[in-house]
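Put together the whole structure using the sequences plus the hints.
Here the protein sequences line up with chains A and B, keeping their order. At position 13 of the first sequence the residue is numbered 13 (the UniProt record's numbering), and the sequence of numbers has no breaks. At position 48 of the second sequence the residue is numbered 48 (the UniProt record's numbering), and the sequence of numbers has no breaks.
Think of the hints as simulated: they come from the structure by calculation, not from any bench. Cβ coordinates follow ideal geometry from the N, Cα and C atoms, glycine included. Since no wrong hints were added, every one of them can be taken at face value.
Sample of chain A residues at the chain B side, in silico, Cβ under 10 Å:
no.	residue
1	G32
2	K33
3	D41
4	I75
5	N133
6	T138
In the EDC-like style, the derived pairs of lysine to aspartate or glutamate whose C-alpha atoms are separated by at most 20 Å in a straight line are:
no.	chain 1	residue 1	chain 2	residue 2
7	B	K662	A	E131
8	B	K662	A	E125
9	B	K19	A	E94
10	B	K662	A	D123
11	B	K662	A	E128
12	B	K19	A	E76
13	B	K351	B	E401
14	B	K662	B	D727
15	B	K19	A	E84
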Amino acid sequence: MTRISMTVDGVRYDDDVEPRTLLVQHLRDRLGKVGTVVGCDTSNCGACTVLLSGRSVKACSILAVQADGADVTTIEGLAGDGGELHPVQAAFHEQHGLQCGFCTPGMIMAAVDLLTENSEPTDAEIREGLEGNLCRCTGYQNIVRAVRAAAESMRTSVPSTPESAEAAEAGSRQGVTT
Amino acid sequence: MTVTEQRPGGEVGRDRRRKEDARLITGRTAWTDNLSLPGMLHLAIVRSPMAHARITGIDVTAARGAPGVVDVFTGRDVADLQGSMPCVWPVTEDTVLPAYPPLALDEVRHAGEPVAVVAARDRASALDALELIEVDYEPLPVVLDMEEALADGAPLVHDAAGTNRCYTWILDSAQAGTGADVARMEAEAEVVVSRRFIQQRLVPAFMEPRSTVVDPTGDQITMWSSTQVPHILRVLLSLGTGVPEHKIRVIAPDVGGGFGGKLEVTPEEFIAFAAARRLNKPVKFTESRSEAMLSAHHGRDQIQDITVTARRDGTVTGMSARLLANMGAYLGIITPGIPILGAFMFGGIYKFPAYRFECTGVFTNTTKTDAYRGAGRPEATFALERIMDELAVELGLDPLELRRRNWIERDEFPFTTAAGLTYDSGDYAKATDRATELFGYDALRQEQAARRAAGDTVQLGIGVSTYTEMCGLAPSRVLGQLRYAAGGWESASVRMLPTGKVEVVTGTSPHGQGHETAWSQIVADQLGVAFEDVEVLHGDTRASHKGLDTYGSRSLAVGGIALVNACRRVVEKAMPVAAHLLEADPADLEFTDGAFRVKGAPGAATKTLADCAFAVFQSHDLPDGVESTLDADATYDPENFSYPHGTHLCAVEVDTETGMVKIRSYVAVDDVGRVINPLIVDGQVHGGVAQGIAQALFEEARYDEDGNLMTGTFVEYTIPSAADLPDLVTDRTETPAPGHPLGAKGVGEAGTIASTPAVVNAVVDALRPLGVADVRMPCTPERVWSTIQAARAANGGELR
Ligand code: FES
Ligand code: FES
Numbered sequence: 001m002t003r004i005s006m007t008v009d010g011v012r013y014d015d016d017v018e019p020r021t022l023l024v025q026h027l028r029d030r031l032g033k034v035g036t037v038v039g040c041d042t043s044n045c046g047a048c049t050v051l052l053s054g055r056s057v058k059a060c061s062i063l064a065v066q067a068d069g070a071d072v073t074t075i076e077g078l079a080g081d082g083g084e085l086h087p088v089q090a091a092f093h094e095q096h097g098l099q100c101g102f103c104t105p106g107m108i109m110a111a112v113d114l115l116t117e118n119s120e121p122t123d124a125e126i127r128e129g130l131e132g133n134l135c136r137c138t139g140y141q142n143i144v145r146a147v148r149a150a151a152e153s154m155r156t157s158v159p160s161t162p163e164s165a166e167a168a169e170a171g172s173r174q175g176v177t178t
Numbered sequence: 001m002t003v004t005e006q007r008p009g010g011e012v013g014r015d016r017r018r019k020e021d022a023r024l025i026t027g028r029t030a031w032t033d034n035l036s037l038p039g040m041l042h043l044a045i046v047r048s049p050m051a052h053a054r055i056t057g058i059d060v061t062a063a064r065g066a067p068g069v070v071d072v073f074t075g076r077d078v079a080d081l082q083g084s085m086p087c088v089w090p091v092t093e094d095t096v097l098p099a100y101p102p103l104a105l106d107e108v109r110h111a112g113e114p115v116a117v118v119a120a121r122d123r124a125s126a127l128d129a130l131e132l133i134e135v136d137y138e139p140l141p142v143v144l145d146m147e148e149a150l151a152d153g154a155p156l157v158h159d160a161a162g163t164n165r166c167y168t169w170i171l172d173s174a175q176a177g178t179g180a181d182v183a184r185m186e187a188e189a190e191v192v193v194s195r196r197f198i199q200q201r202l203v204p205a206f207m208e209p210r211s212t213v214v215d216p217t218g219d220q221i222t223m224w225s226s227t228q229v230p231h232i233l234r235v236l237l238s239l240g241t242g243v244p245e246h247k248i249r250v251i252a253p254d255v256g257g258g259f260g261g262k263l264e265v266t267p268e269e270f271i272a273f274a275a276a277r278r279l280n281k282p283v284k285f286t287e288s289r290s291e292a293m294l295s296a297h298h299g300r301d302q303i304q305d306i307t308v309t310a311r312r313d314g315t316v317t318g319m320s321a322r323l324l325a326n327m328g329a330y331l332g333i334i335t336p337g338i339p340i341l342g343a344f345m346f347g348g349i350y351k352f353p354a355y356r357f358e359c360t361g362v363f364t365n366t367t368k369t370d371a372y373r374g375a376g377r378p379e380a381t382f383a384l385e386r387i388m389d390e391l392a393v394e395l396g397l398d399p400l401e402l403r404r405r406n407w408i409e410r411d412e413f414p415f416t417t418a419a420g421l422t423y424d425s426g427d428y429a430k431a432t433d434r435a436t437e438l439f440g441y442d443a444l445r446q447e448q449a450a451r452r453a454a455g456d457t458v459q460l461g462i463g464v465s466t467y468t469e470m471c472g473l474a475p476s477r478v479l480g481q482l483r484y485a486a487g488g489w490e491s492a493s494v495r496m497l498p499t500g501k502v503e504v505v506t507g508t509s510p511h512g513q514g515h516e517t518a519w520s521q522i523v524a525d526q527l528g529v530a531f532e533d534v535e536v537l538h539g540d541t542r543a544s545h546k547g548l549d550t551y552g553s554r555s556l557a558v559g560g561i562a563l564v565n566a567c568r569r570v571v572e573k574a575m576p577v578a579a580h581l582l583e584a585d586p587a588d589l590e591f592t593d594g595a596f597r598v599k600g601a602p603g604a605a606t607k608t609l610a611d612c613a614f615a616v617f618q619s620h621d622l623p624d625g626v627e628s629t630l631d632a633d634a635t636y637d638p639e640n641f642s643y644p645h646g647t648h649l650c651a652v653e654v655d656t657e658t659g660m661v662k663i664r665s666y667v668a669v670d671d672v673g674r675v676i677n678p679l680i681v682d683g684q685v686h687g688g689v690a691q692g693i694a695q696a697l698f699e700e701a702r703y704d705e706d707g708n709l710m711t712g713t714f715v716e717y718t719i720p721s722a723a724d725l726p727d728l729v730t731d732r733t734e735t736p737a738p739g740h741p742l743g744a745k746g747v748g749e750a751g752t753i754a755s756t757p758a759v760v761n762a763v764v765d766a767l768r769p770l771g772v773a774d775v776r777m778p779c780t781p782e783r784v785w786s787t788i789q790a791a792r793a794a795n796g797g798e799l800r
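Below you can see the structure in the form of structure tokens.
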């Protein structure tokens, strides 16, 4: 057992973990962060994607001990404190970028990272950027649309009310820092 | 009384954003694997590494003593408890129904078959203990190829059956009296084209691996399962294990996709059920992706020998399809019936006067097959649309022109085909015209001619596919004639709550389709309540005790009518209450825009359903004989299937030097009748087309010669990513379904059905000048390249 400490969605956790425990197992089984899901055992599907210190990572491809000291954001912590959706979440809803929703947590986290890297991606760049995340329901058509729309709204959003300013800030705090 | 069916500017037809999304985009989802119960044990399964073997010994001693392990058991240990896996569709009187124990007893017949189970305090301990179980196998001969399996002296998958033939099912229009004699047409034909097509084996590959939790500690044994069919599961669990049905509760919580892959009652569910009863503790089993690939049923896998006959003027005269359909080693709930769902569709939208279909189901030492999106109909449409292109080449006709000359015209509906189906409605010309316009068909043909003339290394191919499908599974009487053990009705209940809010219970069981949203739209219009004021309950046999679940594009086409009928009953029940409140005669009232009012008195007082609901809740002052409820149930069983249709066009660029296929443009024009929510319908088409393209270009489940699945993970079984798929152009025509109060047909499978032949036709079209007449799916670069090489060699290396 190894003692590790990490902050997940703004809450600090200290745990003893087996060295072989994957980050995604730790999140789901120990911390109850079941919003992050497991879709494969070969690190191909991306369903488990979370942000590790702001950058996306497949939580099944690293060990919990490797995330010692890290700041982890999962789909559960992406919305603002008052529940305001992150622009990427809002766009997935608005553009019907999900059906069964199983790929969605990972897809959204990967998209957040993609937009951090490239705030004005072309459709081709979005498709390439999300290559590591599989979806069986949508044919990706509306996922691409959603990411494009999110990019647009993140570029043009001018906080107009205290509430939305907070939301935007929360979004950038939790999702878009590098 | 008058009831207007839909409010002007109402909910139906609107692009409503989905209610389901709120939990799905924030990670607050109820996947089965998220569930954790006090004292719950975790199961892990030892699976056979052999495709066919006798089990001569299992040693579980070491595993029993391993840390965290609570129990280890084999099929023998639970022989009395585990029950046997049901097949509910023996398609003929003599269909072979082999014994199918959930945990193998003394023989395994495919790689991945469950052999022993560990129950431990946590998943990791359960998995660790698997390594400690020693199973001795005595290998038996393996049979994988269907034609070899049918040959004399072939190794038998089931010795007791004495044959690998599961059944032979025939539909002959001359014998059925629904059309002419195919054999005569073949003898007299001016043109005969015959081809063999291979429908490769596919994996449904829903993204959520299957998971089951069983809690035996209450009065009812509760099973949560990642299933499309909670109601069917409850009935079959009861029939299969002898536990009385009322002592079982099944819950399908949020389910992460199915595509037919979760239209199954699985050994893993039966094993978990047995484990929970044996240990009297809650248990959970969640499969890994690798286990899902091995043990969740596969789809397709047919050899299709197709013959079409025609006159020189392009008029088709006969269609004959002879199939071999791979059942795998065992029969899932509807394995034998899948090809039969296609049996009526090999004529598609064309007027074939003569029709013959013959299918033989074959056992092999492979994972069982069963429903995969479209279930039989993509296979049929593929064969038909491929051979129509070959016939067009033979006749020197443009493929679209050949189709035009043969399809059923809009004014010919209802049209009874030689296969015996009566198509309800359609406008094939309109959909095709719209598709060719969006596609720029003529311009692309010109470009193609120019590139052919120039001998470009990258050739342009244009693929056409039309389709219709029988969907909305359904008519119980027809299903009975086909020897399917269940009916096809669907049910709905509407509960008016005292405050005017509405709970709707549906017997359908969505897993990504957005029923909560679409059903709310329908109810909002029918009852004149707000979209937000409707809650849709489903997938828990305690809330929804009655239903036949979700598959075969049936939920809206059948369940939607049950819902509308239940809503109408609510309005009827409220009428005397409203009349009483308004001090009017019920006969003088009308229900419009969500309120009751006296007919022809625009400014007069109104009473809403909410008013009536509260009055009924109080029941202080109801007219005599009026019951204190507005709740209503309805069960609906249609008389016919519904028949959506469409035309899909695909342009591909094929690099003749590398074999690389790139989809340049794709246009889908579908007619699914009246649309409840266009956003959801488009999404269904996108996903369906993507899966159809995947069959055409990317996916194939393959076994090595020993029967090991070589495509056992997402590394080898390559479902497409965003980078592999094109941007789709989708559009619709709307020919309402007669007989459906909403005019809706069904859309779940349409995209999958149409897209595979459109893509392959395009690939073959691109390579036609090189002498290529077919490319086997999936059309991967290697396969396309080697097909080109073979054609070049055969033609002396030059363009034809
Ligand atoms: S579960 Fe991590 S990539 Fe599939
Ligand atoms: S929405 Fe179902 S897998 Fe993506």
